[in-house]
Structure formats: structure tokens, C-alpha cells
Amino acid sequence: MPALSLSDLHRRVENLNELPTLPAILFPVLNQLSANTDDIDLQKTVHLVSHDGALSTQVLHMANSPLFGMRQRVNTLRAAALTLGVHRLRDIVTSCCLMQVSPKGGDINVSSFWEHSLACALIARNLARKLGYSDPERAYLAGLVHDLGILVNMLLIPAEFTRAYKKAAAEQRPLRDVELEEMGLSHEITGDLLSTHWCLFDYLSEVMRRHHDVERATLDPMLTALVNIADLLCRTSGLGYGYQENFAVVLEEETAWKIIAAHSQRARHLDMVCFTLEVEAYVNEVRKLVSVLFHL
Amino acid sequence: MSTTAPPLGNPAISPACYQIRDLIYGVAGIFHAENRLGFLEDRCGRRMKELKITSLRQYHELLTRSAERTSEMHHLLNEITVGETCFFRNQPQLAALQRLLLPSIANSKEKIPFKHLRIWSAGCSTGEEPYTLAIILMEEAARFLRGFTFEIIATDLNDRSLLRCQEGIYGDYALRNVSPEFLRKYFEPVPNSREYRIRDEVRRYVKFSRLNLLDDSRMVFVKSLDVIFCCNVLIYFDGVSKKRVIQHFYNNLLPHSYLFLGHAESLFGVHDDFRLVHFPGAMAYIKTPVQR
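If you read the protein sequences in the order shown, they are chains A and B.
If you want this note's numbering, it's the position in the first sequence, counting the first as 1, plus 24.
Counted from 1, the second sequence has number 134 at position 147 by this note's numbering; the numbering is strictly sequential.
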């Protein structure tokens, strides 16, 4: 089959109304939680979220996961909001809203996609903190959305993408390489289209577009580099795209790590073995959480 | 490191125990921190019982002044260095060796007329690791390692463990990760027992010897290695000894060759010339040429 041209794809995007739409509740909630800390009305946010029963249940489940550091179980949205604080609540609401944007049916297990994305978000935020990056919450969000182009591929070009995915899984190769080989484009391109469609922040668009091509990031190279490293660590720790890739990587020699080292003096003081063990500790919790969220 | 004992030490531990701790550290680089002294005392106790010695002070004298001091130190080291292991223990590590490293090594030696592969199992305990490695290499002999000769150097400090290696007899626990197919192919049942003996075809690839990893005069001879496995051995060493051993590993590996450590072992702050490499579910260190 001939590779899809970018213009074909653009046409499909223009002509189809199959692009995922974000839950309507997300933007008012994000507006609420993005105000100055003193102006945030948590009660109002809780009220907004509680209008969506499914979302409320998901938020509570996620809030009670050890991944978000809750020391004791909470049973109400209000208690979760008060205990977690604004930043974590925003991360959780955003994660739950995005997870609702999942293609139904098809041959590819969407929960693997969200396991990868959620793990990537957590790792990017953790790495950002350790390396002194100014906005770890931004790193969380960037990790969460970096691969959304894969969902777009599942929706807009399902036959071509499924074929590429199955080949990548059978050959245990990186998905992006096989996407390019089989379709002539990869999920960063479609992710970029989605970010335009959704009017996402420029820094998120850049991560979606450049996370495998870090040297071309210009707006916030450190952020894109953090997500690239988080992505690699997810894939070596068993939270890739739902299959085990057969690859080896020396992180220190990756362009992304060189960018990080140029931006943060703390990079050379990070024991990567220890950090990898921290990452491995997430794996089961992430799987458990995503599985629960998908079966609610 | 100067370690001698008590005034600030644990009053429940006898001063002789601290002296024996220092002695072991001097001979083998194995350091028993405060929380391991109970273990050390217990292992000395086993030897003392056999020798009918009643105090640690007397036992320390035996270890330092008697004519049998060298052989007794061997016995004591045997007591304190018994490892717990099994065949195919760290599967992601072995998968990395089999699926990624062997093809890459084979490729890098493609143009060499005499193709030889040398793997060192440093701290081989009772033999499960080196025999596992031999089985993997035998499995690949017709594929990636076509035309190769290979050998596994297996060393340990513990004489008793090495005897077990030579016997090559294993029970259920050690064999729990071995598939029925491999059990048939590489082991033979021991008559009137539930145990299995490793077949001679596997055994011939493994060369066992006693080696103290801090014995500089012998370490320099374990040369030209493609891969070293040293899993859960360096945890017994203090920082200085660990650096010394790792420097030997570095010198003994061929360029761009690999060092596998135990799951949670790191060279961070120990050695700068190895690069950490991530594989699916496993990590190793690759020897990179020094750039100064």
C-alpha cells in the first residue's frame, strides 16, 4: 500500500468529524484551577466535577492511588481536593478527562496506551523535580499528552495504523520507526494536528511534535527532553505501547540527555540506576490504576 | 579504611568480633557494617563449635597467630559468602544477553578469523549462573554464535560453593526456572533422587576456580572478556574495595563490552568510565574508551 501523504491526512482530518473531542468540563475546570492560588475556589471546582458522575468516580479512584501520594483514603471529591491541593487535583482531572477520549473497539488495547502516557507523565514530573526544572506540573501534562497522535491514528487511519502497530509488535521494534516505514508519517505529526485542533498550549504542541526529534525543539527544549527520557524509561521498564521492544539505550548518549545536562547541573548528580528503580516501582501501580479506571 | 572497634561500637558485640571483621576486610575486602555483625558472630560461632573453641578472642588468635591461620580464614570465608541463587535467575538480564548483546558481539567480530567469546561469572556461587550462561551460548551456537568458540570463567571465593559447582547436582529449588525441555536437554536425573546433574556437554564450557576479587596479582590475568556478570557480590564490599574490583573489571573487559551487576547495584560514584545501558527490564554497564 502506498504511504499516506500529509495532504491526504490533512484532508481526512478536515473532512471527518471523528477527531476526539475533549470532555466539555475540562476547560472550565482548568480555568478554575489555573487562576492565582489565592483566587481558586476549590468548592466551585468540586461542584463542576461532581456534575459528571463518571468523571467524579475516576477522579476519586485516581486520588486514592499511591501514585499521587495520598496518605489516607478519601471518600469525597471535596476531601480529595483539600488533601491533594490544586496542582495534583488539576493533574488528576486532566488525566481522567483525557482518558475518556479513547477509541472504542479496534484491535489495539487502548489501556496500554494510557498506561504508557500516565507513567510517562509521572516520570517526567519526578525527573523535572529532581533536575530542578521550573514547572514539574507542566512536565506531567506534557508526558500525559505526548503520544496523543497515536489515538488520532487509531481513529483516522485505523487500518493503516493497525497494520503498522502489529508489525512493530511482531518485530519488537519502536512504533515510530514502523509508522514511518508503513505509513510515511508518524504519531508526532498527527499529534501536532490534534494539538492545533484542540488549541493546546504551544509548549504542549511542541512536545507532541518533537518528542522523538528533540534537537528541533525551540520553545522549551528541556521540557521536550524530559518527556523523551521519560518515554524511553517507560519503554525499557515494560510500560511501552503494549508490547516489549527489543532495544538498548545509553541515556547519557541521547540528545535529550545532553540537552538536560546543558540546562541542569543536577543531571550529573542523578544516580540513574536509583531513578530507574523508582520508575519500576510505578509499573504495577500504573497498570492497576488504569485497569480500574477503564472498568469503572 | 580503619575500622577497629569498639569504644563507639555496639557494647553487645565483643571487641574480638570487631577485630575479626577488620581481619576479613583486610584479606577479602568484605566489610560487615554494624547491622551485619550479628551475622558475622553467628558464622564465627559455627567455626568455633567445630573447633571446640569457646571465645571469639581465642578464635581471633587462631586466625592471626596459629599455623593454620590461612586455612582457617578460608573456612571462615566459606561460612560468610554463601550465595542464594537459581538457574535463569534474572530473566530480563539473560534476555538482554541473548537477544541484544550476543548478536551485537557476533556482528563486531564478524571479520575476525578466530571468533572466541569469553564470559566471566565473578562470584559464581554454586554454579547456577555460569551453567545458565553456558546453556544460553549453546542455544545460540547454531545462530548468532555460528563459528564461535566460547568459554565461561566462573570464580568464587568460597571453596564449598566451588565444590558444589564441580558436582553440578541441583534440586527443585535451583531448577525452578528451567523449562522441561531444557531439563531434558541439559540435565540428567540423578538415580534414586529427585535431583538432576548438569550434563558434561554443558560442563565442558565452564572453567571454575577460586578467586579473591581483591587479589590484584590474579585479577590481572582474567583478560579479554566480552561480558562480566558480577551479581550481588559487590554489596559485600565497601566503597574502596568496590572501586578496586570495578577498575579490574574495566581493565579486563574488551572495549565496548558489558558488565552486569545485581538488580539494584549502581556504579554511581564508583567508576566514571562505564556507561549505563538500559535494556527491557534490565540494566548493564558498557565499557567506553576513556576520554581525557
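These are computed hints drawn from the structure, not numbers from a lab.
Each residue gets a CB set at the ideal place from its N, CA and C atoms; glycine is no exception.
The reader is advised that the hints may include incorrect statements.
Capping the alpha-carbon separation at 20 Å, the derived lysine to aspartate or glutamate pairs in DMTMM-like fashion look like this [unchecked claim]: (1) K39/B to D9/B; (2) K230/B to E206/A; (3) K282/A to E127/B; (4) K312/A to D295/A; (5) K172/B to E126/B; (6) K190/A to D216/A; (7) K194/B to D259/B; (8) K172/B to E127/B; (9) K282/A to D259/B.
Quick look at which bits of chain A chain B covers, simulated, 3 or more residues with Cβ under 8 Å [unchecked claim]: (10) 271 to 283; (11) 290 to 304.
So, going through the hints one by one against the coordinates:
1. K39/B to D9/B: Cα-Cα ~23 Å, so violated.
2. K230/B to E206/A: Violated: K230/B and E206/A sit about 49 Å apart, past 20 Å.
3. K282/A to E127/B: 36 Å, violated
4. K312/A to D295/A: 27 Å, violated
5. K172/B to E126/B: 11 Å, holds
6. K190/A to D216/A: With Cα atoms ~23 Å apart, K190/A and D216/A exceed 20 Å; violated.
7. K194/B to D259/B: 31 Å, violated
8. K172/B to E127/B: 14 Å, holds
9. K282/A to D259/B: 17 Å, holds
10. 271 to 283: holds (count 7)
11. 290 to 304: holds (count 6)
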